[in-house]
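Position chain B against the provided structure of chain A, taking the given hints into account.
Here are the chains, one letter per residue:
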Amino acid sequence: MATTDQSGRWHGEDSEVNHLRGRAFEATCLAATALGLVSVLILLLFVANDAFRPFSADIGWIATYAVTVLVPLAALTVFYYRLDDPAGEVAYVTSGLPVVGLLLTGGFVVLFTELLTVLEWFALVLSLAAAVGVIVAHGRYRSGVALERLAVLVLAPLVAVLGAPPVEFNYFVTDTAAALGLDVGLYYRVISLREAIMMLPFVPTDWMMLLATLVLPVAGLGGWFVGNRRESRRDGWTAVGLTTVTALAGLVAGPLVGVGVEGWLLLVTFVVLPIGIYVEGVVRRDEGRAGLVFPVVAVLGVFVGSLLVGALGFAGPEPWLDWGFLTSAHSRTPTDAGIYPAMVGSVMMIIVIVLSTFPVGVGAAIYLEEYAPSSGWMGKFVTLVEINIGNLAGVPSVVYGLLGLALFIRILEWPQGSVIVAGLAVGLLILPIIIISAQEAIRSVPDSFRQASYGMGATRWQTIRQVVLPEALPGILTGTILALGRAIGETAPLLMIGAAASVRLAPNGFFDVASMMPRQIFSWSSELDPAFRHGVLAAGVITLLAVLLVMNGTAIVIRNRYQRQE
Amino acid sequence: MTQNEMSNESTDSTPSADGATSSPDPSGDPLVEQSIDVEGSDTTTGSTGKPVIEARSLDVFYGDVQALQDIDMAIPEKQVTAMIGPSGCGKSTFLRCINRMNDLVDAARIEGDLYFEGKNVYDDDVDPVALRRRIGMVFQHPNPFPKSIYDNVAYGLRIQDQTENLDQKVETALKRAALWDEVKDQLDKSALDLSGGQQQRLCIARAIAVDPDVILMDEPASALDPIATSKIEDLIEELAEEFTVVIVTHNMQQAARISDKTAVFLTGGELVEFDDTNQIFENPEHQRVEDYITGKFG
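Chains as they are written, first to last, in our numbering: chain A, 1 to 566; chain B, 1001 to 1298.
Isolated chain B, as found in the complex:
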């Protein structure tokens, strides 16, 4: 549980706590209350961070098909929140709602509210581009640009006009992504020459180079071999010291290993249970969740 302690420390010491003062009152949200209740009953977990992302009765439709049903969920700051569930249960859809990547899908329609640091991201005055600059994303398949390693990491900094000390920032990002030692002599080489695991860490470096608040990861290790996967997992745990990490995964052991909180989505786009990871895996409240976790279906 050192993970939690560390994240607590950093929560307290960072000024970004001020940013959350405008966040909606947690007491008005039944889900946060519930999670706090569970928190109290569970002695193994230290405490929970402030909610940085909150969904309130969020519905998503693709054409006539409803992909998410009435989701209420509060994702705490500087922790790893995992979302698990069978294929097609809407967990990736939810992830893409957070940084409005679903805007790029013409057929997608979103109802309900989703707050990021107290601001409904679906308000008319929110520019999705500005939102995505604060919420980075790592995709299922490593997708570096067909440019050099350096240019890949510098991409986000350049498009955001943060080009002073570019070399320094690129180096820092690569170090935080635990990739620097492997690529420091070949920054000019094409990123496509790296192995799959290196490419995925490069994508993580690219995402954290611009210093976002939240990193969304959509099954970041599902296309990788076990060794590359374990490197990514170690990295995710380290990242949670500085960033809020939301990760979608198919792999329940992975969720159990690295996450502080786990949300279980089941078929039909329902959020069935959202709680501390230990609670979910040791003593789930719902029978369906237990069946899913023990492998009776899904």
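Chain A with its partners taken away, still in its complex shape:
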């Protein structure tokens, strides 16, 4: 009782519990977090300001758009936040979907202008489909014979896409044909199905081929999704039919709008169809319908704003990052300079990286997690390998550049600075990251699933194929996309393998010399003209960050979807 008398009450301010140190620690942690975030934010604002230069516009211009676009959208955001129903999410998705769809459309436009003709695409898709068809049919009717199955799995795609290399038999066939006076165009090798399609004497027009190989498959996927969700085949077919009709309407409407028939088809496939399916779902479920207003208000605001600005004669800003920047090549004059060839180079490099790294990385991860022994001297060896993969993930990127230089350029004598060399060198760099993240994903599959599968009398292969991989796939994809995000920004290996500082034309093939976005940005940083170092450079950085943001956003969407299922 004596102590309570001295210190007042046991639960009051002057009790014996001391919170001071804890509170100080908490404040320090908060300060550290805030410092990091705020400094990155300031840097980004700085760069964005350089890239877009919003303050080069008249005050009236800013005020007009603030009133027509920013204020209504901000008000709507607050409204959604208070409403506390899915409207906010609906607004977010309906605004984001068109952006992603447009990016995809742009990707295909670049694909068709730089890499493939529509006919080449058509032939590739058809021959791949034929190969898949053969494999599936074989699996259905003769799955028992393991060796034959393997042969079909390997040969069907090869014959369909690549054809057979020159062999004795073909010399015989061709020579015989020539001796008989027949020229059937065999020329010592068996042509592939793909080449055969390209040699057809009559070809459908571009829009027909696009409709058959791009619009209809995607529409079919959409229809399957709708049919599943609504548990009605008819609704699925309706979705397919509507998409096809909308696409065909482009024959007339496309040229009128100014995007051409092919552009219309791509837009219908990647923008209209996904949005249509999503909006239909929102309307039917009647959840968060209010969110649909958001994109409408945004578009209307921009439209009204542009009318007002035109009428009142306000001058807009002169941003460095504009349509011209995205669609033109580097130039001596800063205002004409653009990033287009470097962007194409980056995308092609990513294709090389995905094709080379994903199978190798995931294969290695599966072996290490599912097959590799954990005891005995082999177990020790495996542990050693795993430790070294961890170490390789930390090796500086410039060293991988050196490896690429030595291996691909000096030894294999592939062209210096070509897309394939860049892709393989950067691919080596992210290979350990992909292996580690895939291992992590495979390890997170509960052991009880494996036990259940083995207990049913499944072989190890069946267990991996049917139980482990489907469960681990979202994790593997997330890890891979994040690693690709790292790859697209790597600069040092590109410098080492001699990627071009800037190119006028986008690369047309994987052995062409190319520049990539970070390499192009780096070369702008050493230009004498300050307009390059401040304006063009900032625009390039923002473009690179936008691509990264889209990739990481995709990874997050996949991960969230996966977690929601659990």
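These are calculated hints, taken from the structure and not from any lab test. No residue lacks a Cβ here, since even glycine has one placed at the ideal position from N, Cα and C. Every clue listed holds true.
Some but not every residue of chain B turned toward chain A, in silico, with C-beta under 7 Å: (1) Val1129; (2) Met1137; (3) Asn1143; (4) Gly1156.
Just chain B now, with coordinates in the frame of chain A:
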């Protein structure tokens, strides 16, 4: 004792009796003799089935630790054999020896013989995968795959290429597992949406869909509430008409309720007593078993 009578009938009428002709001569095995002796002295039990699984001086080690010591045991066909004992006594280990699930544990080492239908399953020419296709297993915690109910039951049939009449086989398995009426309208729903007891019955349906000879159950009801447990117990008694059931349980009342034979394992991995369930619970031979059953320890 209708249970026993029924199992006897089915033993006699099924052709699978032929499969046991090659089984090792029971007279050479002291344990079978002993159990037959007890059989004779116990008037309440009808008779014993033919042994379908036989362990002979089986030792199991995990690294340096011996988990099972010199186990001799003959498990009769189409009856429920329960294994009870305190934690860590090796009863689950023994169960996992039968279908060679211990092969998946690198540190496990097995010595001695274990015969299934007269074939030593640890012979070099035995493929553990083929063995597990004849000996199904149900685990302690319900572990359905994160697939639809239908795909879960069809899993075993698909991996064994028995895909003709798939719908029919799935329906039969679900009916035998007493789950059909509860799930027939939601076969496409995820199995993870079912309750714990339903999930465990789904796991049983999955195990019996491929029509194995033996079903091993590792404490199948220990993670379930009493009502789900009693459903599983009823199911086990029904299953014994067609399958040989071996069940590990912590729950002595459960063993007494559903099993025909009971094996008592005690600490150190010893099989102390193996006999008819009535005999074990009413008049055990060993003092240690009596102490365990009456709750003096364990």
